[in-house]
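Novice: Here is how the chains run, residue by residue.
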Amino acid sequence: MTNKLGPYSDKVMDHFMNPRNMGEMEDPDGLGEVGNPVCGDVMRLYLRIKDGIILDAKFKTFGCGAAIATSSMVTEMLKGKTIEEAKKITNQAVAEALDGLPPVKMHCSVLAEEGLEAAISDYERKKGQIS
Amino acid sequence: MRRVYLDNNATTPIAPEVLEAMLPFYRDNFGNPSSIHAFGREVKVAIDEAREQVAALLGAAAEEIVFTSSGTEADNLAIKGTAHALRGKGQHIITCKIEHPAVLNTCKHLEKEGFKVTCLPVDEYGMIRLEELAGAITDETILITIMHGNNEIGTIQPIEEISRIARERCIRFHTDAVQSLGKVPIIVQELGIDLLSLSAHKLHGPKGIGALYVKKGLKLQPILHGGHQERGQRAGTENVAGIVALGRACQLAAQHMADEAKNLSGLRDGLFEGLQERIPRVKLNGHPTKRLPTTLNCSFYGIEGESLLMNLDLAGVAVSTGSACSSGSIEPSHVLVALGLPPQLYQGSLRFSFSRYNTQDDIDYILDILPPIVERLRKMSPFWKE
Chain A
52 MTNKLGPYSD
62 KVMDHFMNPR
72 NMGEMEDPDG
82 LGEVGNPVCG
92 DVMRLYLRIK
102 DGIILDAKFK
112 TFGCGAAIAT
122 SSMVTEMLKG
132 KTIEEAKKIT
142 NQAVAEALDG
152 LPPVKMHCSV
162 LAEEGLEAAI
172 SDYERKKGQI
182 S
Chain Z
105 MRRVYLDNNA
115 TTPIAPEVLE
125 AMLPFYRDNF
135 GNPSSIHAFG
145 REVKVAIDEA
155 REQVAALLGA
165 AAEEIVFTSS
175 GTEADNLAIK
185 GTAHALRGKG
195 QHIITCKIEH
205 PAVLNTCKHL
215 EKEGFKVTCL
225 PVDEYGMIRL
235 EELAGAITDE
245 TILITIMHGN
255 NEIGTIQPIE
265 EISRIARERC
275 IRFHTDAVQS
285 LGKVPIIVQE
295 LGIDLLSLSA
305 HKLHGPKGIG
315 ALYVKKGLKL
325 QPILHGGHQE
335 RGQRAGTENV
345 AGIVALGRAC
355 QLAAQHMADE
365 AKNLSGLRDG
375 LFEGLQERIP
385 RVKLNGHPTK
395 RLPTTLNCSF
405 YGIEGESLLM
415 NLDLAGVAVS
425 TGSACSSGSI
435 EPSHVLVALG
445 LPPQLYQGSL
455 RFSFSRYNTQ
465 DDIDYILDIL
475 PPIVERLRKM
485 SPFWKE
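Respectively, the protein sequence lines represent chains A and Z. Take any residue in the first sequence, count from 1 to its spot, add 51: that is its number in my numbering. Take any residue in the second sequence, count from 1 to its spot, add 104: that is its number in my numbering.
Mixed in with the good hints, there may be bad ones.
[As the list claims (entries may be wrong)] Straight-line Cα separation of at most 16 angstroms, EDC-like style, residue types lysine to aspartate or glutamate; simulated pairs:
#1 K483(Z) <-> E75(A)
#2 K109(A) <-> D80(A)
#3 K101(A) <-> D61(A)
#4 K319(Z) <-> D472(Z)
#5 K489(Z) <-> E75(A)
[Claimed, not checked] In silico contact screen, one side only, chain Z against chain A (beta carbon under 10 angstroms); selected entries:
#6 I140
#7 A142
#8 E410
#9 S427
#10 A428
#11 P436
#12 G452
#13 F487
Just so you know, these hints were derived from the structure itself, not from any lab. All figures in this text were calculated on a predicted structure; none of them were measured in a lab. Note that the Cβ used here is the ideal one computed from N, Cα and C, for glycine as well.
Excised from the complex, chain A in its bound form (with noise of 0.2 angstroms):
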C-alpha cells in the first residue's frame, strides 16, 4: 500500500489531519473571505497586527485536502511577518512549503494568496479610517 494517499506529500498530510491556528478570531485587525463554494473552495482568514507586524493568524476553510492545508501553511507563515514581508508571500511559497501540490491542485493554493491580499487590504483599510 505505497502511495497511500495519491498525490498529496507527507508535509500536506500533516497539515490536512492536522490544521494550524484553525478557528475564528474575536474584533480581528484584518479579516480577508475569499473563494467560492460553486468552485469547492472559501476561506476566511483572521489577522492580528499591531505596529506593523502579525501577531496571529487563524483560519476557517470549507475545501479540499490541499485547500486545508494550505491554508494551514499560510497562518504559519504569516506569523511575526511584517505587513510588507507578508504582500511579498506567494501561492508558490505556500505550496513549496508544503513540499508541492499536485499540479491539478495548484489553484487551491491560489485561495490562501488571496486570503492573504484580502485581510491586509482589510486591515489598510481599517488603518485608513481610524488615522
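For this one, chain A is given, so just place chain Z on it according to the hints.
Specialist: Relative to the frame of chain A, chain Z by itself:
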C-alpha cells in the same frame, strides 16, 4: 487496518467463480473462435454459451447480444450506430442531463456532425418528467437514450413508460443499464427496450468487456470496421476470456439477484438511518424508493467531499464523492448539479455503493468512524455554525 470497500459503482471485485471460469481461456484454450479447427471450435462453444447466459439475464435471445470492449463502447455503438443508420429519417436525439459521460459526450460529438440533441432536465430526485419527454419529440426524432439506474445517485427512471412513448412515435429507445444490470430485474421485452448497454466489471466480472443488447431486426451502422465478428456489428477478434467471464457473472447475478437486492437495500437504508441519527444535516440525494439497492448518495452540509473521502481513506474505507476538487476533476458532479442542490451540498456528497461482499460489520464500522470526521471538518468550515 480494517479495509471496507464501498465503491462498487466504480467497479466491483471479481467473483472467484468468474475468475475460475475465465482462466482456462488465458492458459489452454487460446484458439481463435473464427478458426474452423478444434482449437477454434472449443472456444466458439464457450462464447456461444456465454452469449446464452447474458441473454438469459435480460430475457433476450442469444443472437441479440453483441459483445463490446466496455459499457462505453456499447453506448457509442447504440447511439452512433443508430444515428448513422437512421440519418435519412431524421437527425434529432433525446437524452437527459444526468446520463453517464459515455452517453452525454457521444451525443455532444453527434451535435458536431449536425445532429440536434435535446437534453432533458430532471426533478429533485433525478427523475425525468414524462410530459417533457413527450413534448420534446419531433418528426425528426430517431433515438431516445435514457439511462436505467443512475451511477451516482441510483435513481431508476420510468423505463416502461419511456419505452411506451418511444414506441407510439416509432422512435428507437436505448438505455444504459451498466449500473443496474444484475441489481434489479431487467427483462427487455417486458420493458420494451430496443438497445441496452451493460458492462462486466460492475457485476463482479473483469474490466474490458461489455455488451449491447440489440433487438432483433434493428440495423446499426458499426463503429469499428474489420472482420465479420458479432454478426458484422462489432469487428475484432473476440475477448474470449472476458466474454466467458461476463457470461458467468450474468449467471451468478441471475441466481443471487433477488436475495442480494433485499439484503443490500437493508444495508443501504441502515447506513443512511444510522448516519441521520448520528450526524445533523445529512441529506439523501436521489429518489427515496425508486433507487438501486446498491447506491446511497448523501450530502453533509458545509464540508467538502474530497476532504471527507481522504479521511475515510486514511481509515481504510473506499467511497466516492461528487465534489469539484476530486480525482483530477475540477468540475462538480453534473448529476448533483442537475438535481438543483446548492453548492454547500453538492460539494459535500459521498457515494456509498454496495455489493454482495458487503456486510453489516462494514456499516457498523462506517457509523463508528464517520461522525467524528464530519464533526472535525465542520469545525474548520466557515459555513458551519454550532
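Novice: Against each hint, give a clear statement of whether it holds in the structure.
Specialist: Going down the list of hints, with the structure as the test:
In summary, the hint linking K483(Z) to E75(A) is supported, as the alpha carbons are separated by about 10 angstroms, within the 16 angstroms threshold. About 12 angstroms separates the Cα atoms of K109(A) and D80(A), which keeps this hinted pair within 16 angstroms; it holds. Between K101(A) and D61(A) the alpha-carbon distance is near 34 angstroms, which puts this suggested pair outside the 16 angstroms criterion. Of the pairs offered as hints, the one joining K319(Z) and D472(Z) is violated, with about 48 angstroms between alpha carbons and a cut-off of 16 angstroms exceeded.
About 12 angstroms separates the Cα atoms of K489(Z) and E75(A), which keeps this hinted pair within 16 angstroms; it holds. A hinted interface residue such as I140(Z) counts as satisfied when its beta carbon comes closer than 10 angstroms to some beta carbon of chain A; here the least separation is about 49 angstroms, so the hint is violated. Proximity of A142(Z) to chain A is violated relative to the hint, the smallest CB-CB distance being about 46 angstroms (cut-off 10 angstroms). Restraint check, E410(Z) versus chain A: the minimum CB separation of about 4 angstroms is within 10 angstroms; hint holds.
Given hint, S427(Z) at the interface with chain A, holds; its Cβ is 6 angstroms from that chain's nearest Cβ, closer than 10 angstroms. The restraint placing A428(Z) at the interface with chain A holds, with a minimum CB-CB distance near 4 angstroms, inside the 10 angstroms limit. Hint on P436(Z) holds. Least Cβ distance to chain A is approximately 7 angstroms, under the 10 angstroms limit. Of the supplied interface hints, the one on G452(Z) holds, with its beta-carbon coming within about 9 angstroms of a beta-carbon of chain A, less than 10 angstroms.
At its closest, the beta carbon of F487(Z) sits 6 angstroms from a beta carbon of chain A; the interface hint therefore holds under the 10 angstroms criterion.
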